[in-house]
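Student: Residues per chain are reported as follows:
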Amino acid sequence: EAQVTQNPRYLITVTGKKLTVTCSQNMNHEYMSWYRQDPGLGLRQIYYSMNVEVTDKGDVPEGYKVSRKEKRNFPLILESPSPNQTSLYFCASSLSAGGLGNEQFFGPGTRLTVL
Amino acid sequence: SQQGEEDPQALSIQEGENATMNCSYKTSINNLQWYRQNSGRGLVHLILIRSNEREKHSGRLRVTLDTSKKSSSLLITASRAADTASYFCATTGGNNRLAFGKGNQVVVIP
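Line by line, the protein sequences are chains P and B.
Quick note on numbering: my numbering labels position 53 of the first sequence as 53, and the sequence is numbered without any gaps.
Quick note on numbering: my numbering labels position 46 of the second sequence as 46, and the sequence is numbered without any gaps.
Check each hint, because a few of them may be wrong.
Heads up, simulated DSS-like pairs for lysine-lysine below, C-alpha to C-alpha not over 30 Å straight-line [as the list claims (entries may be wrong)]:
#1 B:K56 to B:K26
#2 B:K102 to P:K57
#3 B:K70 to B:K56
#4 P:K65 to B:K70
FYI, nobody ran anything at the bench for these hints, they're computed from the structure.
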């Protein structure tokens, strides 16, 4: 089944404790991205990747890191989480960045709480 | 950057009625997409309309695009309780980045 998976789905952590949220897609998509969703603010892009070893900042990259060592995986790293990073996070992938192939396939979401 | 802006923000209708949502954007686009999100879950792609298209249909969905007014509308005909969700528009501009609006909550009352 074609899908985007994220782990963990739920996470409660404390300020400053490094964490990684994994994202994996099995559709051989080139483009992957991370979003955070907050009430009243909609979806905001954190980072995106056009292909392996190619990543770039989105609209709200502060406090986050990503890597794209393999085509299928795009982990999101919070080196020192803070309470303002409490949010619902989504990973998404698409065949390409633009044009007709950029319909996004979303993962199920990771609800992160930073105390 | 946020580009799409849906209007109205919340809509409550009876089952069987039609639901219409609007989306406006500020800069030129390559395409515009609509997504649905059931509470707290991942977004699901509904339909994509290219900048040179004016109208597109998919099942009970009808999307229009007016590039001169920089706006789009999503019509759901004969709504069902299962259509209760949030609906987002998203635009792709020249930089090939996708920008989402804040979402439009639709409640269909059985």
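Student: Which hints, by number, does the structure contradict?
Tutor: 4
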